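Given the sequences, and given the hints that come with them, work out the whole structure.
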Amino acid sequence: MAASPVRLTNPDKLLWRDISKADLRDYYEAAATRLMPFVANRPLTIIRAPDGFKGEVFYQRHAMKGMSKLIGTVKVKGEPKPYLMITSAEALPALAQIAAVEIHPWASTASALEQPDYLTFDLDPDKGLSFADLRRAAFDMRDYLHRLGLGAFLKVTGGKGLHVVAPLQPRAEWEEAKEFARALVEAMAADKPDAYTTNVRKARRKGRVFLDYLRNGRTATAVAAWSPRAREGAPIAVPIAWSFIEKKRAVPRFTLDRAAAAFKTADPWKDYERACRPLPSLEALKKL
DNA sequence: GCCGGTT
DNA sequence: AACCGGCAACGCCAA
DNA sequence: TTGGCG
Numbered sequence: 210m211a212a213s214p215v216r217l218t219n220p221d222k223l224l225w226r227d228i229s230k231a232d233l234r235d236y237y238e239a240a241a242t243r244l245m246p247f248v249a250n251r252p253l254t255i256i257r258a259p260d261g262f263k264g265e266v267f268y269q270r271h272a273m274k275g276m277s278k279l280i281g282t283v284k285v286k287g288e289p290k291p292y293l294m295i296t297s298a299e300a301l302p303a304l305a306q307i308a309a310v311e312i313h314p315w316a317s318t319a320s321a322l323e324q325p326d327y328l329t330f331d332l333d334p335d336k337g338l339s340f341a342d343l344r345r346a347a348f349d350m351r352d353y354l355h356r357l358g359l360g361a362f363l364k365v366t367g368g369k370g371l372h373v374v375a376p377l378q379p380r381a382e383w384e385e386a387k388e389f390a391r392a393l394v395e396a397m398a399a400d401k402p403d404a405y406t407t408n409v410r411k412a413r414r415k416g417r418v419f420l421d422y423l424r425n426g427r428t429a430t431a432v433a434a435w436s437p438r439a440r441e442g443a444p445i446a447v448p449i450a451w452s453f454i455e456k457k458r459a460v461p462r463f464t465l466d467r468a469a470a471a472f473k474t475a476d477p478w479k480d481y482e483r484a485c486r487p488l489p490s491l492e493a494l495k496k497l
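In terms of the working numbering, the first sequence is numbered consecutively and its last residue is 497.
Derived by calculation from the structure, the hints in this document are not laboratory data.
Careful: at least some of the hints might be erroneous.
Unchecked claim - The list that follows gives simulated cross-link-like pairs (lysine-lysine, DSS-like), each with its CA atoms no further than 27 Å apart: (1) LYS387 <-> LYS284; (2) LYS263 <-> LYS336; (3) LYS336 <-> LYS456; (4) LYS411 <-> LYS369; (5) LYS274 <-> LYS222; (6) LYS369 <-> LYS456; (7) LYS496 <-> LYS401; (8) LYS457 <-> LYS415; (9) LYS457 <-> LYS401; (10) LYS387 <-> LYS496; (11) LYS387 <-> LYS495; (12) LYS274 <-> LYS263; (13) LYS336 <-> LYS411; (14) LYS387 <-> LYS415; (15) LYS336 <-> LYS369; (16) LYS473 <-> LYS457; (17) LYS411 <-> LYS401; (18) LYS473 <-> LYS369; (19) LYS456 <-> LYS473; (20) LYS369 <-> LYS401; (21) LYS263 <-> LYS369; (22) LYS456 <-> LYS401; (23) LYS369 <-> LYS457; (24) LYS290 <-> LYS274; (25) LYS263 <-> LYS222; (26) LYS369 <-> LYS415; (27) LYS456 <-> LYS479.
Claimed, not checked - Label pairs and their in silico Cβ distance ranges: (28) GLU395 <-> PRO487: 18 to 26 Å; (29) CYS485 <-> LYS274: 34 to 42 Å; (30) LEU223 <-> ASP352: 42 to 50 Å; (31) ALA272 <-> GLU395: 37 to 45 Å.
Every value quoted in this text rests on a predicted model; they were computed, and no experiment measured them.
Idealized CB from N, CA, C, for every residue including glycine.
Laid out in structure tokens, this is it:
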């Protein structure tokens, strides 16, 4: 591999307990093939932690002086300042250099910024719920999506929840997609009101799984597949197969320092591109 | 991590 | 020369 | 009305 043109200052500085900036750069380079499809050519919000995840942590969505030229930008209609965007894996070491420990892309690409190309549903279990409860919610979500003709792809977030992602052909606009996502989770909650809630305010109540559709706003973002997380132990968000969680007793956990094994396994999302569908109508949802 | 403004 | 704030934004609720 | 929080 060619030498990186990015100079890493303080390569031994620890960003997690035993994971340095150099380790973060090495991870990004090793993950590039899996990671780039989810972060390239999309406006990005990054979470930076120059003094480690226990120090000051801040979001950044616009370019700043001092950033490598490898980190580009994209003009977004109606926004005064251009957003961060990368177009090639060469930019990943530059992200490590600025201690970008999480990557949160828009759900739309530069070629169609106003039409999202996937929906994300964040399944967030109330404290005390078993993994079986969370898993049931995920399979329930998949069932709804499949009955609507949509694909359903699963990932662990690196936190306590799961993301279910439905790839779209980028036709419908943000507002329509978000309304569809809202209607879908509300249909699920109406069907099993004791198991699910869609209300942020009640998210912590009554031992339910919170079905969060709000990730599907234009400037709202969800963590990218393969992004590290600014949390204890350097967990990473990882695509997983549905069969993988069938017998699990807890949310599977992947960490940055042990990610190499995950790269070797077959991509559980290999059919992702082929699964892109137009956003179904709200009428289709009502008829379920 | 780094810039720019303030002390 | 040292220090410090900024680096997203949106809804909701309590103060 | 504002500030903190998720």
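Hints and how they fare:
1. LYS387 <-> LYS284: 22 Å, holds
2. LYS263 <-> LYS336: Judged against 27 Å, a Cα distance of about 23 Å means the pair holds.
3. LYS336 <-> LYS456: This hinted pair holds, its Cα atoms lying about 21 Å apart.
4. LYS411 <-> LYS369: 18 Å, holds
5. LYS274 <-> LYS222: Holds, at roughly 22 Å.
6. LYS369 <-> LYS456: With Cα atoms ~17 Å apart, LYS369 and LYS456 stay inside 27 Å; holds.
7. LYS496 <-> LYS401: Roughly 17 Å separates the two Cα atoms, so the pair holds.
8. LYS457 <-> LYS415: 24 Å, holds
9. LYS457 <-> LYS401: 23 Å, holds
10. LYS387 <-> LYS496: This hinted pair holds, its Cα atoms lying about 19 Å apart.
11. LYS387 <-> LYS495: 16 Å, holds
12. LYS274 <-> LYS263: 25 Å, holds
13. LYS336 <-> LYS411: Holds, at about 13 Å.
14. LYS387 <-> LYS415: Distance ~26 Å between LYS387 and LYS415 Cα, so the pair holds.
15. LYS336 <-> LYS369: Cα-Cα ~10 Å, so holds.
16. LYS473 <-> LYS457: Cα-Cα ~21 Å, so holds.
17. LYS411 <-> LYS401: 15 Å, holds
18. LYS473 <-> LYS369: Within the cut-off at roughly 24 Å; holds.
19. LYS456 <-> LYS473: Measuring from Cα to Cα gives roughly 22 Å; hence the hint holds.
20. LYS369 <-> LYS401: Status holds; Cα separation ~21 Å.
21. LYS263 <-> LYS369: Answer holds: LYS263 to LYS369 is near 19 Å, not above 27 Å.
22. LYS456 <-> LYS401: 23 Å, holds
23. LYS369 <-> LYS457: Holds - the C-alpha atoms of LYS457 and LYS369 are around 14 Å apart, at most 27 Å.
24. LYS290 <-> LYS274: 13 Å, holds
25. LYS263 <-> LYS222: 13 Å, holds
26. LYS369 <-> LYS415: 17 Å, holds
27. LYS456 <-> LYS479: Holds, at about 22 Å.
28. GLU395 <-> PRO487: 18 to 26 Å: 21 Å, holds
29. CYS485 <-> LYS274: 34 to 42 Å: The hinted range 34 to 42 Å holds for CYS485 and LYS274, with Cβ atoms some 38 Å apart.
30. LEU223 <-> ASP352: 42 to 50 Å: 44 Å, holds
31. ALA272 <-> GLU395: 37 to 45 Å: 38 Å, holds
Going through the hint list in order, the structure satisfies each hint without exception.
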